[in-house]
Amino acid sequence: MAIDLAPAARHDPSLRLDERSILLRRLVVRALDGGARGHIGSSLSLIEIMRVLYDDILRYRADTPDWPDRDRCILSKGHGCIAQYVMLAEKGFYPHEVLDTFCRLDSILGGHPEAGKIPGVEASTGALGHGLPIGVGRALGLRIHGSDARVFVITGDGEINEGSVWEAALSASKHRLANLTLLIDYNKLQSAGPTAEILDLEPLADKWRAFGFVVAEVDGHDVEALRRTLRALPLDHARPTAIICHTVKGKGLSFAENDANWHHKSSIKPDLVAQMYDALDAL
Amino acid sequence: MRPTCVDKVFELARRDPRVAYIGSDLDPPIARRMREEMPGRAFMEGVSEQHVVGMAAGLAMEGMIPYVHTIATFITRRCYEQVAVDLCLHNLPVRLIGNGGGLVYAPLGPTHLAIEDIAIMRALPNMTVVSVCDADEMKRFMDQTLDWPGPIYIRLAKGYDPIVSRPELGFEIGKAILMREAAGRRDRVLLVATGVATTRALAAADLLADEGVACSVLHVHTVKPLDTEALLRHAKGCKLIVTVEEHTLVGGLGSAVVDALVEHLPGAMPPIKRLGIPDAFARKYGSQDQLMEIYGLQPPEIAQTVRDGLCLRAA
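Chains as they are written, first to last, in this note's numbering: chain A, 1 to 283; chain B, 1 to 315.
If you're looking for bench data, these hints aren't it; they were derived computationally from the structure. Positions of the beta carbon are idealized from the N, C-alpha and C atoms, including for glycine. Honestly, I wouldn't trust all of these hints.
[As the list claims (entries may be wrong)] Below, a sample of chain A positions facing chain B; criterion: calculated Cβ distance under 7 Å:
1) A127
2) R138
3) L233
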């Protein structure tokens, strides 16, 4: 039943970002400018994952965010929310001008996404390790209702230090949730430094296999590879899928790439905004 | 009330397809029957409280009403962030059934004593906290859990507790019940209690009645939202108020009552004494009743507190 999977991929640094990927990053900078703060590196590693999901994979209706047959997309690494905010604006859930209000007093867009406030956001996240258990419950709920809608959960790599992720992994596998897909934004840097030094996740693919998932690995900035993998879902009709997306923290900003210091900035001044736009122009 | 509660979940599940049941390695026979009869929505998950609460949230987001059942300490302490964020922040209709609230697991020691469950649950916005006094009241309560908005923490006592509730007094979530009234007495005492402490308070009132001390007993099965209106109505003009709870004195019923009285009866607050568990982990084992005696929560000790309070007042 399982299909052949591509051999383990790593991010190819020679891969060039296309115009759309650069445009989406410019929108990230727009939000960072609006809020004068934000998780920079954590959002930029997610861009192609969120882009392919919203452009090519997810079923949704922007004018009816609670359309029952929609796929449920839960950004469990809530701190990467600007990447999702940008896609929701692109898809018409709200106007692009809303990005300028990021983190402001009356904005719908906070530093972590909140369901009920933001159309298209399925769960309030930010505290890590919550998305996969919720995703398991939603996948079971959809099964109860006989729905063929799917559940996508996007986690960070530091996030899967949390034990709750592995509790949920056991359950997803036990319940054979083929309608559940986990995407791991594996940029190899958590807030305090390299994941390999802080709490090594390797062998990561083997861990997910051991927990009963069918595993694919993909270059998380390769739009075609992401499309190919996600279009092949479900990879197994009796198991949940884990897709390890090899990414670069801060992808697209030459001065921020692979640098944990750019995980989050709380005082983003106009000169830094200009520097970020310049770096994107140079791509 | 323990078997009654899960029996009622089964009954509710039979008549309402939105009901789901999740056990967390606690598996009464009725839960097994539920899984046989409705396997798609009765689950036995493992010892994974964080996951189980998140999973319940996910089910509720898809329109289900999940009842999650495990030991009270584990469903409150272990997964507090999941309860706060997944259930309360999203305001989802998940029901947490906590087995062995209070001192029920006395012989098992402090890891199993849920002595601060009410405090930490009532600190969360949107959470409703209910601690009924017996199995009959549990039946009346459970019928109302189907359509109550938002999450509910249900504190279970030991099971097979004496029946003291009366159907004619009715039951409504959030409405305290005056179980005994010291009618017409200006020198009356008000006992305010929750859960099986209400049973002890009623017995204490009987003891005191023999001595000519008239006590009203207000049963606050719903600690949150607190029925402030009933509390104020019965508190006004009392000679003494005594709160009784099988729970730490930090943040439980007594705290909630004092908060409400300070807020609403400034300058007219009757003398008040709070009975509960001191701010310390239990150092002894034995039985629930033995620990309740040590903590002054059995009828003779409650009665003595009232006598002392009245004497102090007289002095």
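Each hint tested on the structure:
With a least beta-carbon distance of about 5 Å to chain B, the hint placing A127 of chain A at the interface is held under the 7 Å criterion. Look at R138 of chain A: its Cβ gets to within about 4 Å of chain B, closer than 7 Å, so that hint holds up. Checking L233 of chain A against chain B: minimum C-beta separation of about 19 Å lies over 7 Å; hint violated.
Hint compliance for this structure: hint 3 is the single one not met.
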